[in-house]
Every structure is written in structure tokens, then in C-alpha cells.
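Student: Sequence:
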Amino acid sequence: MAEHTPDSSPPATDADRRRALQAAATQRLHPLSWLFILLRQLKQFALPLIVLLFTGRGEQNPYELIGYAAGGVLALGAVWQYFTYRYGFLPHALVIRSGILQRNLRLIAFDRVQNVTLHQSILHRLFDVAEVKLESAGGSGQAEAQMQVLRLAQAHALEAMVRGHVPEARGDDDSGVQAPAPTLWLHLPTAELVRLGLISNRGMLVVVAGFAYLSQAGDTVMRGFSNGVLRVGRDGIAMAEAWHLGPVAYAALGLALLLGLLAAVRVLSVALAILTFHDFKLHAGEHELRVERGLLSRIRAHLPKRRIQAYALRESLLHRWFKRQSLRVDRAAMEVQDESQSLRDLVPVATPEAMDGMLGQLLPSGGWPLGQWRPLHPRAWWRQFAPLAFWVLLGTAVLVAFEGLPGLWGLGLLPLVYLRARLWARYSAWSLEGGVVAFRQGWLDRHWRFAEARKLQALQITQSPFDRNNGMATLHLDTAGASPYEPALHIPYLAVADAEALAAHLRAQLPRDDGALNRARTAASAAPAG
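The C-terminal residue of the sequence shown carries number 530 in my numbering, and the numbering is unbroken.
Derived by calculation from the structure, the hints in this document are not laboratory data. Hints should not be assumed to be uniformly reliable.
[As the list claims (entries may be wrong)] Mimicking BS3-like on lysine-lysine, the simulated pairs with C-alpha atoms at most 30 Å apart in a straight line are:
| # | residue 1 | residue 2 |
| --- | --- | --- |
| 1 | Lys305 | Lys281 |
| 2 | Lys323 | Lys281 |
| 3 | Lys323 | Lys305 |
| 4 | Lys323 | Lys43 |
[Stated by the list, open to error] Distance windows between CB atoms, simulated:
| # | residue 1 | residue 2 | range |
| --- | --- | --- | --- |
| 5 | Lys323 | Arg454 | 17 to 25 Å |
| 6 | Pro375 | Met161 | 51 to 59 Å |
| 7 | Thr351 | Gly228 | 27 to 35 Å |
By construction, the Cβ of each residue, glycine as well, lies at the ideal position given by its N, Cα and C atoms.
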């Protein structure tokens, strides 16, 4: 009778596991991927290449040859990337290998992925393809994986596969019961986008970016642009002189020109709002949000609700005229270049009633709007008034030194500075209610900055010499993914007792592994000077 022995095959080595992973990566990108890779590279180097090709054209121009050579190198690199890029799937991970001379092999676990972004430009839609980016909770500004490009069906299949391994994306609760389908929270028609464009100032950003590009284009291009502007100005002045206009007419023409420029910037802002947020939809599931937007370039992105760290609600004077508000969020995930705005502008524009309803469902215990707002220190207005008043007095002294007594007109700014400080202190307040800590400020331009207390990462109490003399302090609150473009999450000019009590209450809710470190920071910052 034959004797059966157990399988005694040797254990797999690292080389064996690596070969197995490489064998799993068998799928290619779309055959036209090289074209989209090339276009993306040309977009990054468009201005230098244009300058090289068209500056000083002539016989035996070396710059033109350099431009052609650079374009050829970029095209070769795009084709090379297509032929060396492979991806594949394991039961719980994505495998990517790329390169020949320098081979890279990456294993991306599905549960590490926080967001799957599908991006489609007009050219993408023409060829029925999409660019896919996978974002993780950490990184250095680059996507965890970027596939440029896949067939649209493959992109949707990849999105479904990745999200199917994430419980909060599947919508399953602990009992295994399927959660209800996502509901549409917000849809922005064209009329709302026109309001958004009139409220925002995105057009001015384009103007500034245009001047920045001109400054990089070299002296020849910048000189030509400047000469053109001066030529138009001289022609306009000559025409006005031929009409023998008086001072009032000159002032009216100047005002009309200024209003025309402002109107042009607003029209540009409206156009940008329509291009960026066309057919904007915000869907909400039990555990995550989904954003879809874009006219020429369509983006669909997902955001787990638990990844929202802080909120920034804004209501400027123009917002109030149109009875609208805007909401931006900080999220605990890496900000991928060119895609960070897709989720940061969570609600570009909405009515206050709709905004209250959405925030009430995002925050714990329906904690919005907050009702228990507490004032700042009684001398908070002086803290705002004193620095500006100092600069007004200093500027007035300089004017008097050069112009004499007429320079005293600068003192007329002091009442305005005083009024601004008083109004700022009157409309500023803080709140701790329902697990949400918030600070509001502003009179004409109102801001609310708030976060869930359990999501704070660090606390710090600071005092300037003036603060110590007046018994006040500032409490700084830090969260993951804080945006440098939003007002800092802090509560300034509190009474010292209020700051210490609030810090102690919030410190008790910090993550346990960070509690000791943050207690040390808070104690060190709050300690009186030597």
C-alpha cells in the first residue's frame, strides 16, 4: 500500500512573491493612453515650448530646434510609459508595475483607498475613456495610483471593485443590512451658477494668472504686451483730446472704464463657475458623499463623512444680497494636485435653509445651527483696534513730515478703524454645543469656522504681552488636512479662565495616543512668562 506524505514544498521566497505579483499585473491602459500622457506633459511645458518655437524665428534658429527636440522627447516618454505600464487585481489589492530600466512594483490595498476620482475632459468623452485617480489618507501631494487612461467601462469597473472592498462605500452596517441608496442633497442649475459667478471673484484669479504667465514668457512677449496697452491708451487720450472733453467728461469716462473692467471680470467669473460646476450634484449616502461636476472637464469624486475634519462657512455681503452661503471642508486625506478643489468646495452655493439642513445631517446630533454663542473678552475690540491705529498714526506722522499740516487728514481714518474694531468684536463669538466647537467673525464678510471636538488633533493656548496684561488668551485648534486658504481654526481673545476651561474640556476628547503630547503643549503654552 502506497504511503502518502504531506506536501513538503519549500516556502515562497521574496523573489517568488514578487514574480507572482508581476504576473498578476497583466492589463494594459487604453491604446490611446500615450496621447493623453503626451497632452498632459505638453500642458505643463506649453509656455516654454511656445516661447522656444516662436521667439526669434528665422534661419538656423537654435531655440526652434530645442523646442522640436523637447517635444520629441516628451512624445517618446509618453509612448514608453504606455508600453511599460501594467496593472492587475488580487482579491484585496491592486497591483501596478511600470518601467523597464527602473522597474517599479506597487501593491495598493483597497482598504487604504479613501477616494476614487474619475476625470473626463471633452477629449476623454470623445474617445469614451476616463482618467482614474486613487487617493489615500496620506501622501506627499501625489495620487496613490493614477491610470491615464482607461476605457470608461474599465474605469467604472475599477471604481466599483475598489469601493466594493470598503464597508462604508458598500453601505453595510454591522448587522450586514444594506443601507439605503444615496439621496440627492443638492443640484445646481445654471441660474445658481450665474449667482455663484457674480458672488465669487474667480475672474480676478484668472487675470492674475494671466499676468504671471506673461511675466514668465520673457522680455519679448512682455514688452510687446506692454507696448500694445500703451498704444491703446495713447490712442484713447488722443481721441478724447480731439473731442475737447472737460474734467467732468474725463471723470465720467474713467468711471465707465473702471465699471466696464469690473463687469468683464464678473462675466469671466460667471463663465468659470459654469465651466467648473456645471450640472453640480451632491449625493449623500449613509457613510459617504459623492460629488459630480464640470462642463468641459467632468469629475466624479467620493468623500467618506468620517474624513471631514473641519468646516468653513462663508456669507459675504454679495452672498447676503443673493441670500446664499458657501461651504468648504478640510478632509483627512492627501490633496492631489489639480483635484483638491473637487471635494474641498463641498457646497459652492446654497440657500441658508438648505445649508442648515445639510450641516444638520453632517454634524453629530443635528448640531446646526448652533444656538449658544458666547462673546469674547470685553477688551477684544481694543486688541483689533490698537495695531491698525498704530499704523495710521505712523503713516500720518510721515505725511506731516513731508506735507506739513495737510498730512493730518490721515487721522480721519481713526474713526473708521475704531468702528471696524467695535463691529468685529460685537459680531464675533464662540460656541461649544453638541460636540461641535465653533468660532464666528465678521460683519460685512461673515465666516464660521467649526469642527467636531472629537476630531481635533492638537490644542495650544497663546498670549501676547498685551493679552497677559488684559487677562485674555487665544486658543488654537488643529485638525488634519487644515487648508491654508481658509481662516485658521482658533478662538481669539478669550478670558484666560474661559480659555483654560475650554481647553481642558476639549483635551479630554482628544485621541488617547495624542493626549499626553497635547496636554504638554497646552500647559507649556499657557504657562506665564519667566
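Student: The structure should be examined with respect to each hint, and the outcome stated for every one.
Tutor: Do the hints match the structure? See the list:
For the hint pairing Lys305 with Lys281, the CA-to-CA distance comes to about 16 Å; that is within 30 Å, so the pair holds. Restraint check for Lys323 and Lys281: satisfied, since their Cα atoms lie roughly 20 Å apart, inside the 30 Å limit. The hinted pair formed by Lys323 and Lys305 meets the criterion: a straight-line CA distance of about 27 Å does not exceed 30 Å. Taken as a hint, the Lys323 and Lys43 pair is broken in the structure, with Cα atoms around 39 Å apart against an allowance of 30 Å.
Against the hinted window of 17 to 25 Å, the Cβ-Cβ separation of Lys323 and Arg454 comes to about 33 Å, which falls outside the hint. For Pro375 paired with Met161, a C-beta distance near 53 Å keeps the hint of 51 to 59 Å intact. Checking the proposed 27 to 35 Å range against Thr351 and Gly228 shows it is violated: the Cβ atoms sit about 45 Å from each other.
The earlier numbered hints that this structure contradicts are 4, 5 and 7.
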